[in-house]
Every structure is written in structure tokens, then in C-alpha cells.
Amino acid sequence: MLNNGELDKVFKALSDATRRAMVERVARGPVSVSQLAEPFAMSLPAVHQHLALLEDAGIVTSHKTGRVRTVQLATDALTGAGEWMGRQRLPGERRLDRLGTYLATTEGP
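Be aware that the sequence shown starts at 616, since it is given in our numbering, and climbs by one per residue.
In case anyone wonders, no lab produced these hints; they're calculated from the structure.
Beta carbons are placed, not taken as given, at the ideal position from N, Cα and C, and that holds for glycine.
The reader is advised that the hints may include incorrect statements.
Claimed, not checked - Okay, derived cross-link-like pairs now, EDC-like style, lysine to aspartate or glutamate, Cα gap no bigger than 20 Å in a straight line:
{"no.": "1", "residue 1": "Lys624", "residue 2": "Glu670"}
{"no.": "2", "residue 1": "Lys624", "residue 2": "Glu698"}
{"no.": "3", "residue 1": "Lys624", "residue 2": "Asp671"}
{"no.": "4", "residue 1": "Lys679", "residue 2": "Glu653"}
{"no.": "5", "residue 1": "Lys624", "residue 2": "Asp691"}
{"no.": "6", "residue 1": "Lys627", "residue 2": "Glu698"}
{"no.": "7", "residue 1": "Lys627", "residue 2": "Asp691"}
Stated by the list, open to error - Pair ranges (Cβ atoms, derived):
{"no.": "8", "residue 1": "Gln687", "residue 2": "Leu659", "range": "14 to 22 Å"}
{"no.": "9", "residue 1": "Ala719", "residue 2": "Gly644", "range": "40 to 48 Å"}
{"no.": "10", "residue 1": "Arg640", "residue 2": "Thr716", "range": "38 to 46 Å"}
{"no.": "11", "residue 1": "Arg643", "residue 2": "Gln664", "range": "18 to 26 Å"}
{"no.": "12", "residue 1": "Ala719", "residue 2": "Pro645", "range": "44 to 52 Å"}
{"no.": "13", "residue 1": "Glu621", "residue 2": "Ala642", "range": "17 to 25 Å"}
Using the sequences plus the hints, can you model the full thing?
What follows is the structure, given as C-alpha cells:
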């Protein structure tokens with residue numbers, strides 16, 4: 616489970632549409648930075664800045680072989696954020712379940 620600071624980093628990293636698109640791409644498998652940068656209208660240094668933020672949040676990892684840097688999704692990178700979101704959804708779902716039960720047991724007009 617992530618502490619608040621780590622969770623803040625994950626949500627900050629995912630707050631940008633470009634970074635979310637990068638995460639979607641690396642979720643399909645490892646990719647070189649230059650391949651990852653292709654669909655984006657930005658410089659390679661800008662792509663590296665986005666990747667640095669994703670890496671700092673623990674969402675992606677990278678390694679360099681020769682001149683090629685490869686990026687991949689970190690194992691269980693988004694599990695903590697998903698668990699947190701699930702916990703926020705549960706109370707509302709329980710209220711809706713109780714409302715559904717109440718409405719099913721009451722007679723109409």
C-alpha cells in the first residue's frame with residue numbers, strides 16, 4: 616500500500632494526458648524512448664522530463680543498453696492507486712445497495 620506522498624506522486628504523474636498515453640503504450644510492453652516519443656509533437660528532452668516524473672512516481676522503469684534506453688511498466692505500478700480508488704467507491708456503492716433494497720421492499724403508490 617502506498618503512503619500519501621507516494622500516492623500523491625502517482626496521481627500527479629497521471630494528471631497529464633501525455634503521461635497517461637505513455638503509460639498506456641508501455642503497458643503493452645517495453646519500448647525504446649525514441650519509439651515512445653514518435654506520436655508526440657514534442658522534443659526528446661520534453662519526453663525525458665515526462666518519463667522522469669513517471670519513473671520518480673514508480674510507474675515506469677528504464678534501462679540503457681548501449682545508446683538505447685528502454686522503458687517498461689513497473690510491476691504493480693498502479694495497484695496502490697487502484698486500491699485507494701476502490702476504497703473510495705465502496706461507501707457510495709453500499710448506500711446505493713441499501714437504497715435498492717429499500718425500494719425493492721416498499722410498495723409503490
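Going down the list of hints, with the structure as the test:
Using a Cα cut-off of 20 Å, the hinted pair Lys624 and Glu670 holds, with the two alpha carbons roughly 10 Å apart. For the given pair, Lys624 sits about 15 Å from Glu698 by alpha-carbon distance, which is consistent with the 20 Å threshold. For the proposed pair Lys624 and Asp671, the alpha carbon gap of about 8 Å is at most 20 Å, so the pair holds. For the proposed pair Lys679 and Glu653, the alpha carbon gap of about 19 Å is at most 20 Å, so the pair holds.
For the proposed pair Lys624 and Asp691, the alpha carbon gap of about 15 Å is at most 20 Å, so the pair holds. Distance hint between Lys627 and Glu698 is fulfilled; the C-alpha atoms sit about 17 Å from each other, no more than 20 Å. Taking the CA atoms of Lys627 and Asp691, the gap is about 17 Å. The hint holds against a cut of 20 Å. Between Gln687 and Leu659 the beta carbon distance is about 19 Å. The supplied range of 14 to 22 Å therefore holds.
Distance hint for Ala719 and Gly644: a CB-CB separation of about 47 Å, consistent with the stated range 40 to 48 Å. Between Arg640 and Thr716 the Cβ separation comes to about 44 Å, which falls inside the hinted range of 38 to 46 Å. Distance hint for Arg643 and Gln664: a CB-CB separation of about 22 Å, consistent with the stated range 18 to 26 Å. Our hint of 44 to 52 Å for Ala719 and Pro645 holds, since their Cβ atoms are close to 50 Å apart.
Distance hint for Glu621 and Ala642: a CB-CB separation of about 20 Å, consistent with the stated range 17 to 25 Å.
When held up to the earlier numbered hints, the structure conflicts with none and fits them all.
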